[in-house]
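Q: As a plain string of letters, each chain reads:
4 protein chains.
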Amino acid sequence: MKRMAKKHVLRPVEHVQITGVLTVDQLVKKMAGSGAFGAGRLSEAVDVFTEMVKDREMTKILGLAGAMVPAGMKQLIVKLIRDEWINVVVTTGGNLVHDLVEAFGGRHYKGTCFADDTKLRADKINRIYDVFLPDSYFVLFEKKIHKIFDDIKKRELSIRELLTEIGKRLKDSNSILKAAADCDVPIFCPALSDSIIGLQLWLYTQEKKLKVDAFRDMHELIEICYAAKRAGGIFLGGGVPKNFILQAMLVTPKGGYDCAIQITMDRAETGGLSGATLEEAISWGKIKARAKRVTVIGDVTLIFPIIVAAVNERLSIVH
Amino acid sequence: MKRMAKKHVLRPVEHVQITGVLTVDQLVKKMAGSGAFGAGRLSEAVDVFTEMVKDREMTKILGLAGAMVPAGMKQLIVKLIRDEWINVVVTTGGNLVHDLVEAFGGRHYKGTCFADDTKLRADKINRIYDVFLPDSYFVLFEKKIHKIFDDIKKRELSIRELLTEIGKRLKDSNSILKAAADCDVPIFCPALSDSIIGLQLWLYTQEKKLKVDAFRDMHELIEICYAAKRAGGIFLGGGVPKNFILQAMLVTPKGGYDCAIQITMDRAETGGLSGATLEEAISWGKIKARAKRVTVIGDVTLIFPIIVAAVNERLSIVH
Amino acid sequence: MKRMAKKHVLRPVEHVQITGVLTVDQLVKKMAGSGAFGAGRLSEAVDVFTEMVKDREMTKILGLAGAMVPAGMKQLIVKLIRDEWINVVVTTGGNLVHDLVEAFGGRHYKGTCFADDTKLRADKINRIYDVFLPDSYFVLFEKKIHKIFDDIKKRELSIRELLTEIGKRLKDSNSILKAAADCDVPIFCPALSDSIIGLQLWLYTQEKKLKVDAFRDMHELIEICYAAKRAGGIFLGGGVPKNFILQAMLVTPKGGYDCAIQITMDRAETGGLSGATLEEAISWGKIKARAKRVTVIGDVTLIFPIIVAAVNERLSIVH
Amino acid sequence: MKRMAKKHVLRPVEHVQITGVLTVDQLVKKMAGSGAFGAGRLSEAVDVFTEMVKDREMTKILGLAGAMVPAGMKQLIVKLIRDEWINVVVTTGGNLVHDLVEAFGGRHYKGTCFADDTKLRADKINRIYDVFLPDSYFVLFEKKIHKIFDDIKKRELSIRELLTEIGKRLKDSNSILKAAADCDVPIFCPALSDSIIGLQLWLYTQEKKLKVDAFRDMHELIEICYAAKRAGGIFLGGGVPKNFILQAMLVTPKGGYDCAIQITMDRAETGGLSGATLEEAISWGKIKARAKRVTVIGDVTLIFPIIVAAVNERLSIVH
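As given, the protein sequences belong to chains A, B, C and D, one line each in that order.
The first sequence runs contiguously to residue 319 in my numbering.
The second sequence runs contiguously to residue 319 in my numbering.
The third sequence runs contiguously to residue 319 in my numbering.
The fourth sequence runs contiguously to residue 319 in my numbering.
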């Protein structure tokens, strides 16, 4: 044992003990005591994210894949933006489409994953796992987004600029796009063309002029990375957002992100970037070898609210 | 939309909103508002488990696979036993071995999953993902368990009886086996021979007489199922515990469990029972068609503490 | 049993029997006899893909996520293109970058997933799971791709056109881009900016003019869908390619794809599109309710070569 | 590059190329050329298994979890036994129950995983993912197994002996139990009580005497390990079989298995033994540090037939 203690960093696993009413962070701290398996990684993620949020000089970039908005996670992102927990968002088009559906007056509905999809089709209801979204909201979406397109003065923009312009014209303070516009948080969406926004943009430009340049955004994100004193990435799922965030750092001489948190169900063994370990990113120079980093394997919709609640608690109590 | 509302159960997805300090259940209730994806399933699991715990006439059986004790989850199980949240435990041998390691004075240590296993072997340290356990504790284990075997009067027992006898002789009130013995909660371990306890038992019986019958336990569990007014299963992982709990009900004319909660990373598509859906169990008559049931896909060590904390909070506030 | 036979489609599971030397399709047909679990789905995928390939009037679109080229799957894609098994490719930028790395004279190397990433960084080697790629090939890449950019006459192109222009200028007949250019197979890459090609393009345009429009491609793909007598999708992994292919069909009045094959490790329960079932796509009108469709859960690099070999065998024997 | 070549074992990834009709092993060898990701691991598994089969002095132990018999994999196991590719089987009870269902004249049927389980229950059909099994075969099972129990002379046996006695009394040469009895291959089933065989045994012993000792088997398996010149484990899924095989070696002074192949969908990060890496087993002394070992992540029903076919081909051609 002594020999083990000397050679290995050693602290006994403390068992999670639950009594009375616990706040979220009190529970997370009990998990930290355990330190093992998923519980340990969750508590580490809270530590790292708290440190990131507290570091006012760190540029924090959030990667957003999956279907966070239909899942009811929109206001977590809005909070992160409004409270300056993050400074940049990189997302799939899907999350923005669903954000706009709601900003335009639509709603997502709690359905079931056991639905008969043929019947749903007949009823003009689109299913996202156990969430339902009626076709009618896409009709509304088309009308409203074209109005916004009309209203934009500058007729040549980057994707980021377009998204800011859209955000400025929204009234729903719970919208991600609106919050980002309010707070000067740039939203990047490299694959915007792969979304209903992109589709409507293309339809719009069949008759009117509105040029959107998909390549200028990269420049802007790279400059943000260049300018960052320190930089951290929070990856909710993988996909294009994860790659875009990592790639932007790659071109700078910084040597990689200083902090990284990854929450995903994707695993490394198929070789895709979505499931790649944060360690692999070190070999590329995307993440520093000494970076604080933690991966939590699990469903983002279940894990991220816990992390945000725990960090919020730590910050609430400190002040 | 009206048509959809009529034909489908419909309630809008409410977004999880986090402000100030939240208790665990306050957060879970916000997830319930969302109702979608993993967050929705987690909140449902809390609802179902609360209902189960409150139902004093329901026999609640806990299935325990995986490595819950090295993960620091031992006292959650102890709490469930001591607070009468569950009435029966079915477990792998592994969880009991690790429970005894600690009851006998050993500890598990927080290590790392990136360790060099060849070096660990040289240092006589066993790795369980990111937890370390020195060989020396198994030496201690051998000495202590043989002493207990010596001390048992009845020389022919069922596995369940053996485990009760062991539990009675422990002093560590944080031990699962001790708590179960204290509270008359039977612990079944159908595959005890597949564990270091089984191994030591066999070594012991090379010189001394101690007959353990592995088949009588089934009888006892079936009788518990027969006698149950209502019955519920909580499946932490799959494996033998899940099957044993479901199978015991199969032989009764009850028509299946009334409630079921499953937390697992296993999926259905390989066809194994561990990942089988609770719906599949309906076809067998193991779970009632109208049973309240919910599966949460995820790491038990991360998810179960949240569920227990939320249920505990609901019960603490009620009383 | 008779009652079961009447109400349910019923055929006994035949056990896979292996004797002597089997061709790939002989094995797949034995799996078809079983019909169960993953083996059954694999055999169905071979049936559906064979039917698709044989249907000369079906437009077949391949979605390519993950890291197929580093995995050694490049020539499978080239074969699909050259043999007219597919008519359109939608891919992540990553696969094209790695295709170009090799077309420009670089290689990927068999490494190990247990490597020390900090040391790899010091040695200027990038790791992709268990594949190594030296930095030096990216230097080569930069030089060669800028030369190609210089050589392109048309200075305003869609992403698809740019990729065709690049393909035309390659000499490596084993390149995906070259094969596609040779065979008039359009390659779409909606998130090209999220790749080293996009990065180099941006660097290039800092000094020279080369305008690439990311939104025109969608138009072209939608027109392909419109024009298709029948259409089929083959989804290797999820991500942007899967969504882009499905979305393009959504806008047409076709009612969805007639055939769909999906091979992926992603699952439905987190709600993201990558893991969404093909059934879910029916609710959106992206896939027809009566479409032949099959999902194989597994590693594409392991499963897709089997499918291609089996289909090839069926076609070789027919002719 | 030279520096990389010196420090790292380096061979270029060769792309899988498919032309004409390929035998299974020809395809596997092409995957070996690639060497990357899942394709590489599959080809390694074929190499290691071939070597194991050829080594007549190696004791080869097969661990069998999941639902291999309903999946149509029974005759693969029978082949392994009859051709002396393996010398010992450790299995869950489930696989033996399904083996006996068929040996007694029952069948499994190809159904669908989208079935309505409530209706299936009404029709007395049990579902195993996409396989159906009517209740009636369990009635037949009861009758036949009790007859066999009656017929066994020795009234006190180990589980292994009981299974041999059952196997001897079967006529179906395609039965695993029959093949094992024919070939003197011991079958261990540590959790037999967790199966319908165990259930029927218990029912039987309510009226008649038949004592089965669950702990003697361990002794026998340990002795097999002791006696083995070299030893290899093939783990199809995890669960009790994996643990039992590894644990038996633990008690010997051998230092672990010399070869190990693992095929599973379970992953390491939840800390359970089912998903534990083979590397972790080195720290315990269950597998030698220098052991040839390979893990293939995937569905056993899809992957194992390929491995068996490829090994069979190598052996067929050699002779």
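It is possible that some hints are incorrect.
If several chains are the same, the list does not tell them apart, and a pair holds so long as it fits within one copy or across any two.
The list that follows gives simulated cross-link-like pairs (lysine-lysine, DSS-like), each with its CA atoms no further than 30 Å apart [stated by the list, open to error]:
#1 Lys-110 <-> Lys-54
#2 Lys-171 <-> Lys-29
#3 Lys-119 <-> Lys-147
#4 Lys-208 <-> Lys-154
#5 Lys-110 <-> Lys-144
#6 Lys-171 <-> Lys-229
#7 Lys-124 <-> Lys-229
#8 Lys-292 <-> Lys-143
#9 Lys-153 <-> Lys-29
#10 Lys-147 <-> Lys-29
#11 Lys-208 <-> Lys-254
#12 Lys-124 <-> Lys-153
#13 Lys-119 <-> Lys-168
#14 Lys-292 <-> Lys-229
#15 Lys-29 <-> Lys-168
#16 Lys-79 <-> Lys-29
#17 Lys-29 <-> Lys-208
#18 Lys-124 <-> Lys-79
#19 Lys-168 <-> Lys-292
#20 Lys-209 <-> Lys-254
#21 Lys-147 <-> Lys-211
#22 Lys-208 <-> Lys-119
#23 Lys-144 <-> Lys-292
#24 Lys-54 <-> Lys-144
#25 Lys-254 <-> Lys-171
#26 Lys-144 <-> Lys-229
#27 Lys-153 <-> Lys-211
#28 Lys-211 <-> Lys-110
#29 Lys-229 <-> Lys-119
#30 Lys-209 <-> Lys-153
Honestly, the hints are just simulated from the structure, not real lab data.
Note that the structure is predicted; figures quoted are calculated from it, not measured.
Q: Next, verify each hint and record whether it holds.
A: Comparing the hints with the structure gives:
| no. | hint | in the structure |
| --- | --- | --- |
| 1 | Lys-110 <-> Lys-54 | between (36 Å within a copy, 27 Å between copies) |
| 2 | Lys-171 <-> Lys-29 | between (39 Å within a copy, 27 Å between copies) |
| 3 | Lys-119 <-> Lys-147 | neither (33 Å within a copy, 51 Å between copies) |
| 4 | Lys-208 <-> Lys-154 | both (13 Å within a copy, 23 Å between copies) |
| 5 | Lys-110 <-> Lys-144 | within (24 Å within a copy, 50 Å between copies) |
| 6 | Lys-171 <-> Lys-229 | neither (34 Å within a copy, 44 Å between copies) |
| 7 | Lys-124 <-> Lys-229 | between (50 Å within a copy, 24 Å between copies) |
| 8 | Lys-292 <-> Lys-143 | neither (46 Å within a copy, 35 Å between copies) |
| 9 | Lys-153 <-> Lys-29 | neither (51 Å within a copy, 44 Å between copies) |
| 10 | Lys-147 <-> Lys-29 | neither (49 Å within a copy, 38 Å between copies) |
| 11 | Lys-208 <-> Lys-254 | between (42 Å within a copy, 27 Å between copies) |
| 12 | Lys-124 <-> Lys-153 | neither (35 Å within a copy, 47 Å between copies) |
| 13 | Lys-119 <-> Lys-168 | neither (38 Å within a copy, 47 Å between copies) |
| 14 | Lys-292 <-> Lys-229 | within (16 Å within a copy, 47 Å between copies) |
| 15 | Lys-29 <-> Lys-168 | neither (40 Å within a copy, 32 Å between copies) |
| 16 | Lys-79 <-> Lys-29 | both (23 Å within a copy, 18 Å between copies) |
| 17 | Lys-29 <-> Lys-208 | neither (56 Å within a copy, 47 Å between copies) |
| 18 | Lys-124 <-> Lys-79 | neither (33 Å within a copy, 39 Å between copies) |
| 19 | Lys-168 <-> Lys-292 | neither (35 Å within a copy, 45 Å between copies) |
| 20 | Lys-209 <-> Lys-254 | between (39 Å within a copy, 29 Å between copies) |
| 21 | Lys-147 <-> Lys-211 | both (16 Å within a copy, 27 Å between copies) |
| 22 | Lys-208 <-> Lys-119 | neither (38 Å within a copy, 54 Å between copies) |
| 23 | Lys-144 <-> Lys-292 | neither (43 Å within a copy, 37 Å between copies) |
| 24 | Lys-54 <-> Lys-144 | neither (38 Å within a copy, 44 Å between copies) |
| 25 | Lys-254 <-> Lys-171 | neither (39 Å within a copy, 36 Å between copies) |
| 26 | Lys-144 <-> Lys-229 | neither (40 Å within a copy, 33 Å between copies) |
| 27 | Lys-153 <-> Lys-211 | both (12 Å within a copy, 22 Å between copies) |
| 28 | Lys-211 <-> Lys-110 | neither (37 Å within a copy, 44 Å between copies) |
| 29 | Lys-229 <-> Lys-119 | between (54 Å within a copy, 25 Å between copies) |
| 30 | Lys-209 <-> Lys-153 | both (11 Å within a copy, 25 Å between copies) |
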